[in-house]
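Peer 1: Going down the list, the sequences are from chains A and B.
Okay, so the first sequence: first residue is 1 according to our numbering, each after it adds one.
Okay, so the second sequence: first residue is 1001 according to our numbering, each after it adds one.
Certain hints may be false.
To be verified - List of simulated lysine to aspartate or glutamate pairs, DMTMM-like, C-alpha gap at most 20 Å: (1) Lys1198(B) <-> Glu199(A); (2) Lys353(A) <-> Glu1131(B); (3) Lys203(A) <-> Asp1357(B); (4) Lys1353(B) <-> Glu317(A); (5) Lys1362(B) <-> Asp357(A); (6) Lys1198(B) <-> Glu131(A); (7) Lys1353(B) <-> Glu88(A); (8) Lys1342(B) <-> Glu88(A); (9) Lys353(A) <-> Asp1360(B); (10) Lys203(A) <-> Glu1132(B); (11) Lys207(A) <-> Glu1199(B); (12) Lys1198(B) <-> Glu88(A); (13) Lys203(A) <-> Asp1360(B); (14) Lys1091(B) <-> Asp360(A); (15) Lys353(A) <-> Glu1081(B); (16) Lys1203(B) <-> Glu1152(B).
To be verified - The calculated label-pair distances, taken between Cβ atoms and stated as ranges, are: (17) Leu252(A) <-> Ala1244(B): 42 to 52 Å; (18) Glu1088(B) <-> Glu317(A): 21 to 31 Å; (19) Gln1032(B) <-> Gly313(A): 55 to 65 Å; (20) Asp210(A) <-> Glu1037(B): 23 to 33 Å; (21) Lys353(A) <-> Ala1337(B): 43 to 53 Å; (22) Ala337(A) <-> Pro1248(B): 53 to 63 Å; (23) Gly1179(B) <-> Ala16(A): 11 to 21 Å; (24) Lys342(A) <-> Phe1334(B): 51 to 61 Å; (25) Asp210(A) <-> Thr1086(B): 50 to 60 Å; (26) Ser155(A) <-> Gln1032(B): 51 to 61 Å; (27) Ala16(A) <-> Gln1032(B): 28 to 38 Å.
Worth flagging that the hints you see were computed from the coordinates, not collected in a lab.
C-beta: ideal position from N, C-alpha, C; glycine also.
Listed here are the chains, written in short residue letters.
Protein chains: 2
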Amino acid sequence: VLCLTKMNSIKEVASADLLTVVEPGVVTGELQRKLEEEGLFYPPDPASLEASSIGGNIGNSAGGPRGFKYGMTKDYILGLEAVLPTGELVKTGARTVKCVTGYDLARLFTGSEGTLGVVTSAILRLIPLPEERITILASFKRLEDAASLVSEAVSAGLAPSALEIMDNVTLSAIRESSGLNSPEGTSALVLSEADGFKEVAVKEAQKVRDLSVKNGAISVQMEKEKERREKLWAARRGAFAALARKKPTTILEDIVVPRTRLVDMVKSVAEIGKRHQLVIATYGHAGDGNLHPTILCDKRDEDEMRRARAAAGDIFERALDLGGTLSGEHGIGFEKAGFMHKEVGEAGIRIMKRLKDSFDPKGIMNPGKMFE
Amino acid sequence: VLCLTKMNSIKEVASADLLTVVEPGVVTGELQRKLEEEGLFYPPDPASLEASSIGGNIGNSAGGPRGFKYGMTKDYILGLEAVLPTGELVKTGARTVKCVTGYDLARLFTGSEGTLGVVTSAILRLIPLPEERITILASFKRLEDAASLVSEAVSAGLAPSALEIMDNVTLSAIRESSGLNSPEGTSALVLSEADGFKEVAVKEAQKVRDLSVKNGAISVQMEKEKERREKLWAARRGAFAALARKKPTTILEDIVVPRTRLVDMVKSVAEIGKRHQLVIATYGHAGDGNLHPTILCDKRDEDEMRRARAAAGDIFERALDLGGTLSGEHGIGFEKAGFMHKEVGEAGIRIMKRLKDSFDPKGIMNPGKMFE
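Bound conformation, chain A alone:
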């Protein structure tokens, strides 16, 4: 195991060029706070941002709630320095947003799960910090209403910086741990944020509120003040930890479906949970069609684990049937390696393996990851 946590220097912040150069061990949340002090913004915000490093974020092209408006890690990688398994040091990309000098190895590395080489330095694109941020929490009696708000907001061309959904299981877990308030009878939440110039953020937030009411919201809370906003987001980011306290074992999935199929997917997850007699929490980046169904189980219960694995398989198959993908921001790893051919086909696997071999002929980088 290679540990890069001590390579954690922010080597440069070039405000006027809107970029920063960092080592892979820099913690995402720490980098963001430092940049905010200078009026700069690095959007990717995985829930793990206080623990995860930029190197890890590059490994799986981490996203997060803000992915809906701002994209994922791969949209912010301008250039990389990496050591290849052959021992060669390569520098790829540039200090400019535009660069088509040769193959885009920087973006190829992003999301490659450490299978191609070791990133030793990254040039990250930054944007100016938005002038205003307004967080909106809408409570619904039915999960379908929450999901249909999301679909309608996307169709209406709204561009909040985040559009998150949480079901009843998630809600009850985070309610205990975070003190989040929601009215009697709530069984689904949509948490969103509008940002940008003041006028834009206000206009966008009002549109989200109006659409929430139209879709049957029983309450809509709007917060501008930083601490109150942060509290709502901390509750959302704490969803996985809150769920993990419910049962000894937690299997976190990461499927994506086209936005118009979100309601179908949400219903299917509920149905799959029922069929396998499992509790599955559903929450995630609904605006992107990216859900994190989380199966609550106990690894000491063999029968339950068998059912959990079957349910995960059913969730993958259903996402693919709906025109979706196996992973939006967590990657393939070991667990989904056996499913990859269903999405990319045998020819897709073959060319990816040949590509991997061209970087790592001896297969020493994260062996077993991504390919069976």
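Following the hints, put chain B in place on chain A, whose structure we already have.
Peer 2: Just chain B now, with coordinates in the frame of chain A:
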């Protein structure tokens, strides 16, 4: 030579999922007009948009003026179907914005200059059409003032959808061909566009106007009406053709420098032209630091061509010295192949060649392109 112009069907426009599926021969401008009718927007706008195809745009990750705000072709490729040189058909990417299932081959293909395979279908990401567009033309007495407006606009966090610069040589060529008006004494133009919600576009346009005046603009013209806006953009897009009428041979370059080095690069191009006794027009996507220095020469004049090649080399070297890159949106092709090692290093070339071999072991795809 493989010709795909007849594979020109727009196979699907999925409004609610904000995507379209097209064949490679679809002409960019035609696609954009069709999408606009449905309130949808595919931003990449190379000057050649009425002739260039999506397949070609994918080949070099085409950009254009709107790249400043909206990014390049690679930012809009969700997925591809491609035939590999081995005869295998691969499907890569997804109908979703997020996808980290295996390596990001769709983005790897984008900008690969047809050296890895033949794209037969592409899934393109769309965004909602902006509510308002305002085009702003600012005239300056000195090119440095125009360049410093650009730098200041970027530093101030302004995000117009385009921020273009044109020098005196370009200006006099397009003035003749387009009937563009500019006051007596003008020797540089900045053409920009503000877009988005009405309020935002107006606010942004006013900020650009104020900054223009502050930087010494002798006139600022603002246009909201579509035909008048289009006329200004047609003049800009006609720059290369207008210059090509001046001399028999035109060498169009495509370097990028970090935004803060734009003034240095503009001055260097002028100095290089003087040193080699050549007329070099400078224009381009200044907001991105992406300039298209265009050398006017005559291929029948051997001495002039020798000087033109030397000047091009000097421009490349200077861009690299300033921390820039050899190509922003046109690619490497044959002409810059000999310079690539100066940017990506010998190790970079080696791994790119190994990658190329893993796709195309017999070297049948665009041989000689990108690598010497």
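Peer 1: State for each hint whether it applies.
Peer 2: Hints versus structure:
1. Lys1198(B) <-> Glu199(A): 11 Å, holds
2. Lys353(A) <-> Glu1131(B): It is violated: about 45 Å lies between the C-alpha atoms, which goes past 20 Å.
3. Lys203(A) <-> Asp1357(B): The given pair, whose Cα atoms are some 52 Å apart, is violated under the 20 Å limit.
4. Lys1353(B) <-> Glu317(A): Answer violated: Lys1353(B) to Glu317(A) is near 37 Å, above 20 Å.
5. Lys1362(B) <-> Asp357(A): Distance of about 17 Å is within 20 Å: holds.
6. Lys1198(B) <-> Glu131(A): 18 Å, holds
7. Lys1353(B) <-> Glu88(A): With a Cα-Cα distance of about 14 Å, the restraint between Lys1353(B) and Glu88(A) holds, given a limit of 20 Å.
8. Lys1342(B) <-> Glu88(A): Status holds; Cα separation ~16 Å.
9. Lys353(A) <-> Asp1360(B): 14 Å, holds
10. Lys203(A) <-> Glu1132(B): 15 Å, holds
11. Lys207(A) <-> Glu1199(B): 15 Å, holds
12. Lys1198(B) <-> Glu88(A): 52 Å, violated
13. Lys203(A) <-> Asp1360(B): 52 Å, violated
14. Lys1091(B) <-> Asp360(A): 23 Å, violated
15. Lys353(A) <-> Glu1081(B): 18 Å, holds
16. Lys1203(B) <-> Glu1152(B): 16 Å, holds
17. Leu252(A) <-> Ala1244(B): 42 to 52 Å: 58 Å, violated
18. Glu1088(B) <-> Glu317(A): 21 to 31 Å: 24 Å, holds
19. Gln1032(B) <-> Gly313(A): 55 to 65 Å: 42 Å, violated
20. Asp210(A) <-> Glu1037(B): 23 to 33 Å: 27 Å, holds
21. Lys353(A) <-> Ala1337(B): 43 to 53 Å: Given range 43 to 53 Å: violated, Cβ gap about 29 Å.
22. Ala337(A) <-> Pro1248(B): 53 to 63 Å: 59 Å, holds
23. Gly1179(B) <-> Ala16(A): 11 to 21 Å: For Gly1179(B) and Ala16(A) the Cβ distance comes to about 37 Å; the hint is violated.
24. Lys342(A) <-> Phe1334(B): 51 to 61 Å: 41 Å, violated
25. Asp210(A) <-> Thr1086(B): 50 to 60 Å: This hint holds: roughly 54 Å between Cβ atoms.
26. Ser155(A) <-> Gln1032(B): 51 to 61 Å: 21 Å, violated
27. Ala16(A) <-> Gln1032(B): 28 to 38 Å: 32 Å, holds
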